[in-house]
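Peer 1: Full structure from sequences and hints, please.
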Amino acid sequence: MTLPQLALFVGTLAGAIISPGPAIIAAAKSAAARGPRASMPYAMGLAFGASLWCLFAVLGLTVLFRMVPQLYTALKVIGGAYLVWIAVQMIRHAAEPPGMDERTTAGPGFVQGMALNLSNPKPALFYGSVILSVFPALQGGASLVIYLVALSVELSFYAAITALMATAPVRRRYGAAKTWIDRIAGALIGALGLALMIRH
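The opening residue of the sequence shown carries number 1 in our numbering; numbering runs sequentially from there.
It is worth saying that the hints were derived from the structure and are not from the lab. Every value quoted in this text rests on a predicted model; they were computed, and no experiment measured them. Heads up, the beta-carbon is just placed ideally off N, CA and C, and yes, glycines get one too. Treat the hints with care, since some could be wrong.
Unchecked claim - Label pairs and their in silico Cβ distance ranges:
id, residue 1, residue 2, range
1, W180, V68, 41 to 47 Å
2, E96, L64, 39 to 45 Å
3, S156, W85, 25 to 31 Å
4, V111, A191, 34 to 40 Å
5, A16, L144, 17 to 23 Å
6, R172, T2, 45 to 51 Å
7, A160, L3, 20 to 26 Å
8, L132, V68, 29 to 35 Å
9, T2, S156, 18 to 24 Å
10, A191, L144, 35 to 41 Å
11, A7, G141, 18 to 24 Å
12, R172, L64, 20 to 26 Å
13, T73, S129, 17 to 23 Å
Peer 2: Encoded structure:
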């Protein structure tokens with residue numbers, strides 16, 4: 001393992017994280033609705049859940065998915081259904097005042113964030129492909145280093161998103177347009193969940 005390899009891994013991972021997905025939408029919505037202090041545990045759960053797919057990949061889960069594709073399909077269907085459920089809850093509470101919907105659903109925390117990112121098994125294949133491409137001769141403790149690097153990148157990204165979306169100007173704008181923002185966010189997450197279930 002070399003520094004250029006790690007730099008390439010970090011760059012590839014950062015590019016993938018920036019791509020909009022259900023976790024990004026959920027993190028931004030939570031931060032704008034609840035503020036930085038209340039929403040940061042959720043962001044950390046999202047980061048930890050995403051990084052676990054890297055750990056699973058280096059432990060061989062990607063190989064297992066290829067050997068037993070039915071397992072991958074089952075996880076996609078279950079994960080997609082979970083995303084649809086989240087979307088329905090978001091849309092149901094869209095018209096409630098800011099903060100009311102969070103109290104009604106107890107507010108997402110660390111476990112909910114981790115569960116959301118674990119609901120989509122696609123990152124396992126992404127991590128598996130990237131790791132094999134960047135580190136073709138992975139050995140020993142290098143696997144732990146790769147996981148810790150991935151965790152650091154995920155934590156940094158979700159913390160930054162939360163801090164940005166929890167600023168006072170953003171929260172004011174969110175409060176003024178909460179109903180439509182939540183409906184659109186819910187529709188997007190629901191569509192992503194359905195796509196995850198349908199595309200085997």
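Peer 1: Against this structure, judge whether each hint is valid.
Peer 2: Checked hints:
For the pair W180 and V68, the supplied restraint of 41 to 47 Å holds, since their beta-carbon distance comes to about 43 Å. Checked against the hint of 39 to 45 Å, the pair E96 and L64 passes, with Cβ atoms roughly 43 Å apart. With their beta carbons about 29 Å apart, S156 and W85 fall inside the hinted range of 25 to 31 Å. At roughly 25 Å, the beta-carbon separation of V111 and A191 lies outside the given 34 to 40 Å, and the hint is violated.
Between A16 and L144 the beta carbon distance is about 21 Å. The supplied range of 17 to 23 Å therefore holds. Here the CB-CB span from R172 to T2 is close to 47 Å, well matched to the stated 45 to 51 Å. Under the hint 20 to 26 Å, the C-beta atoms of A160 and L3, about 23 Å apart, fit the expected range. With their beta carbons about 19 Å apart, L132 and V68 fall outside the hinted range of 29 to 35 Å.
For the pair T2 and S156, the beta carbons lie near 22 Å from each other, so the given range of 18 to 24 Å is met. At roughly 37 Å, the beta carbons of A191 and L144 sit within the given window of 35 to 41 Å. The hinted window of 18 to 24 Å between A7 and G141 holds, with their beta carbons roughly 19 Å apart. About 48 Å separates the C-beta atoms of R172 and L64, a value inconsistent with the hinted range of 20 to 26 Å.
The given range of 17 to 23 Å is respected by T73 and S129, whose C-beta atoms sit roughly 18 Å from each other.
In the structure shown, a violation is registered for the earlier hints numbered 4, 8, 12, in ascending order.
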